[in-house]
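Protein chains: 2
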Amino acid sequence: LEDDNTGLVKEMLQQLQPCDIALLLESSRSRNRLVLWPLIEPELYSDVLEELSEDVRNGIINTMLPEKITDALEEMDTDDLVETLSTLPESVSQDLLATMDEQDRQRAELGLSYGEETAGFIMNTDTITLRPKINVDVILRYLRLKGEMPEHTDTLYVVDSEDKLMGGVAITKLITAAPDTPVESLIKDSISIPVDMEDGEVANLFERYNWLSAPVVDSNNHLVGRITIDDVVDIIREDAEHSMMSMAGLDDEEDTFAPVVKSTQRRTLWLGVNLFTALMAAAVSDMFEATLSELAVLAILNTIVPSMGGVAGNQTLTLVIRGMALGHVTARNARWLLSKELAIGFLNGIIWSVLIASVIALWKQDFMLGAVIAFAMMINMIAAGLAGASLPMIMRRLNIDPALAGSVILTTITDVVGIFAFLGTATWLLL
Amino acid sequence: LEDDNTGLVKEMLQQLQPCDIALLLESSRSRNRLVLWPLIEPELYSDVLEELSEDVRNGIINTMLPEKITDALEEMDTDDLVETLSTLPESVSQDLLATMDEQDRQRAELGLSYGEETAGFIMNTDTITLRPKINVDVILRYLRLKGEMPEHTDTLYVVDSEDKLMGGVAITKLITAAPDTPVESLIKDSISIPVDMEDGEVANLFERYNWLSAPVVDSNNHLVGRITIDDVVDIIREDAEHSMMSMAGLDDEEDTFAPVVKSTQRRTLWLGVNLFTALMAAAVSDMFEATLSELAVLAILNTIVPSMGGVAGNQTLTLVIRGMALGHVTARNARWLLSKELAIGFLNGIIWSVLIASVIALWKQDFMLGAVIAFAMMINMIAAGLAGASLPMIMRRLNIDPALAGSVILTTITDVVGIFAFLGTATWLLL
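If you're matching them up, the sequences are chains A and B in order. For the first sequence, the numbering used here gives the first residue as 1, with consecutive numbering after it. For the second sequence, the numbering used here gives the first residue as 1, with consecutive numbering after it.
Treat the hints as calculated values from the structure; they're not laboratory data. The beta-carbon is built from N, C-alpha and C at its ideal position, and this holds for glycine as well. Mixed in with the good hints, there may be bad ones.
[Claimed, not checked] Reference listing, derived: stretches of chain B covered by chain A, where coverage requires no fewer than 3 residues with Cβ under 8 Å from a Cβ of chain A:
hint, region
1, 110-120
2, 152-158
3, 197-208
4, 262-271
5, 326-337
6, 394-401
[To be verified] Have a look at the derived ranges for each label pair, beta carbon to beta carbon:
hint, chain 1, residue 1, chain 2, residue 2, range
7, A, N62, B, N399, 26 to 34 Å
8, A, V92, B, N221, 30 to 38 Å
9, B, P259, A, D189, 35 to 43 Å
10, A, Q265, B, P42, 25 to 33 Å
11, A, E184, B, T330, 48 to 56 Å
12, B, N399, A, V260, 55 to 63 Å
13, B, N62, A, I134, 48 to 56 Å
14, A, S30, B, D101, 20 to 28 Å
15, A, T87, B, R105, 33 to 41 Å
Just chain A, with the same shape it has in the complex (with noise of 0.2 Å):
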């Protein structure tokens, strides 16, 4: 498609919208985005760049002449500028910051200035500010002279004579107010959000309060940004792919289509982290040698109580690391779900015991050895239980991601543990 005519594949990339261009870029292999890049209308470049993800993106600033990069920089919006800034190297930045001009270098700083994942990171700083005594009509003739509006603006901000934020007016109140109104009578006590909140809670927030925009104060209650929707939706789809690809033990900017030496190179730490778990399990079993080599059937047999242990154990993580995200899960009923899923462990022990020793005494003509296999599952669901559930809490305790390092941690525990239920109770009874 993209090789031979080039003529042809510009025409077409003209007729795209930016984001349907950078899904094509997402969507190629990383030779062809190289490729496809220079076909692109420069004065798109900025839109493009935005909504690209962080792999591909610097990828392709890689290869583009600095004074292009500049250029497209000083076109964004402080919140896609700031968030490219930040993924880029520190010197490649440094030397883009001191090539922008004093505007455009001092709305980056500023926001570079918060740190990743606050408030402060994703806001935008195009505010429409007003102060309380004026009436609605004289606010309606200044945005019609004005002409235009920031992108997404659906609130105004009233500031007092301290440059405070006393709250917000929506739009469509302007429109149905009476023209005498003063704007202070149409302030919504909306509330506020902190520069330095986490971005996660930021999202929470407009979650549950159904937000489209909200202000952004520092800590003496000045107005400095806002915040607005499509900007947590980001938020959102990306917490929940780190999520979902750190329980898998990727990284999650990991890029579908990158080479093939770069991909493994992603996803060696991972397979290092489990070749050590398993050596781990090994090693275990290894101090039942004498006992395998009896009765091979042990063998046979080791591992299904680890497997079912880790399942059981990796329900209960997921759901607790779900119900902390979403604020359900606090100190207060953690000892009440802890009590819960030990309660569940030992439910579905029973369950899995009974069902486990039936087939394992019919296929193997062994009713010891049903009983035995039984009493490990026992053990290791109740096990899988109480790791499930305070894992995360534990985790979270000491500032590491649950869902990075639980999924690891969790199978370690039921492995070794369900090795040894399984073989030690074996050596005591079988032999």
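Chain A is fixed; fit chain B onto it per the hints.
For chain B alone, coordinates are given in the frame of chain A:
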């Protein structure tokens, strides 16, 4: 907290917004929810019910008097009304519909007729429509007279004499335009959403184009409603949860605070499926019983190869599922992706084969054993890449949700292939 002084609790509840009350209910165990519910102001019932998840909401509705439910339902926006009714048992929702007044019943039945997970199901019908020739000042006067606009209105819709959608006009444009401008000339050619479009696709469009709202049209391009971003946010969150939960074998409506027996039931299916696949893996090992009884060391190492294959395969699986959800992976680049993942499997195979061979050769002082496990690892890594990339595509063609069953099928494949490769090669070379 909630047991003794109901007066105090009632006072506290009065100071909370509906969404905060909903959060409180969601974070309470099910027994306490029924204690709290009667303490809430009846006027807030509809707003609180809207915010609750399916399981929690139905639990509460079950305890309410029918006329109270009807009152609450009639106050809801169309989309929430339709959603609530659709999750109730058929007989209950029919009874409720019968007691509702004519107008509310009609809007509910219309919404229900579109079927779940479509644009029609999640849309609201409270659009403001304009004729193309009217001037801006007339519209502004009309809106002021009306005095109020539906929640989250950012765009008014222009329809022709046959009620066909001509396009949308942003409120911000109305404010900034000259009073004598005909509304026609302010139309931004907005894309419209067909009423039967799948909601996931609607969410992707909103995300890609950064919309705040979009008009919904039937097959004749008649305007039938609008979808707003706050509903889309819910869909995005639900979709993400669905993937995360179903990969762990959980129902995505699973309620963290449900009673023990109910929770245990909900998790049983997955544990049952896992028991079956674990027994299958055991059956494969069983075929090599003679080998295992002769060399106990094989029993000890038997889990390493399947486990590494499972992790590598799940990485690929997750990445491809995400790529499909984002629209990056299509039939056109599927073959390329498959060959890429095969190449990664091959490269991973080499890396981990060499490593595991060295570890085992050192640990067990047996070079041949190292070679055997390396060969099995190689085979299984390639199988994992192949299965991880092709399974989601095959499942999508068969209309099965890959997030739900993909991981089990994949793990079964990597277990069986891994055990076969390891024990088979060992039987052949070591005995």
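Structure-based check of all given hints:
1. Look at the region 110-120 of chain B against chain A: 0 of its residues bring a Cβ nearer than 8 Å to a Cβ of that chain, fewer than three, so the hint is violated.
2. Against chain A, the region 152-158 of chain B contributes 3 residues with a C-beta closer than 8 Å to a partner C-beta. That satisfies the three-residue criterion, and the hint holds.
3. Closer than 8 Å: that is the beta-carbon criterion, and the region 197-208 of chain B has 3 residues meeting it against chain A, so the requirement of 3 holds.
4. Requiring three or more residues with a Cβ within less than 8 Å of a Cβ of chain A, the coverage given for the region 262-271 of chain B holds, as 6 such residues are present.
5. For a cut-off of 8 Å, the count of residues in the region 326-337 of chain B with a CB near a CB of chain A stands at 8, and the three-residue condition holds.
6. Chain A is given as covering the region 394-401 of chain B, and this is violated because 0 residues of the stretch bring a CB closer than 8 Å to a CB of that chain, at least three being needed.
7. A beta carbon spacing of about 41 Å between A:N62 and B:N399 contradicts the range 26 to 34 Å that was offered as a hint.
8. Taking the beta carbon of each, A:V92 and B:N221 are about 49 Å apart, not inside 30 to 38 Å as hinted.
9. One distance hint, 35 to 43 Å for the beta-carbon pair B:P259 and A:D189, holds here, with the actual separation near 39 Å.
10. Distance hint check: the CB atoms of A:Q265 and B:P42 are about 60 Å apart, inconsistent with the given range 25 to 33 Å.
11. Against the hinted window of 48 to 56 Å, the Cβ-Cβ separation of A:E184 and B:T330 comes to about 54 Å, which satisfies the hint.
12. Judged by the Cβ atoms, the range 55 to 63 Å given for B:N399 and A:V260 is violated: they are separated by roughly 31 Å.
13. At about 52 Å, the beta-carbon gap between B:N62 and A:I134 stays in the expected band of 48 to 56 Å.
14. Take A:S30 and B:D101: their Cβ atoms lie about 60 Å apart, and the range 20 to 28 Å is violated.
15. Between A:T87 and B:R105 the beta carbons are some 53 Å apart, a value that contradicts the proposed interval 33 to 41 Å.
When the structure is compared with the earlier hints, violations turn up for hints 1, 6, 7, 8, 10, 12, 14, 15 and for no others.
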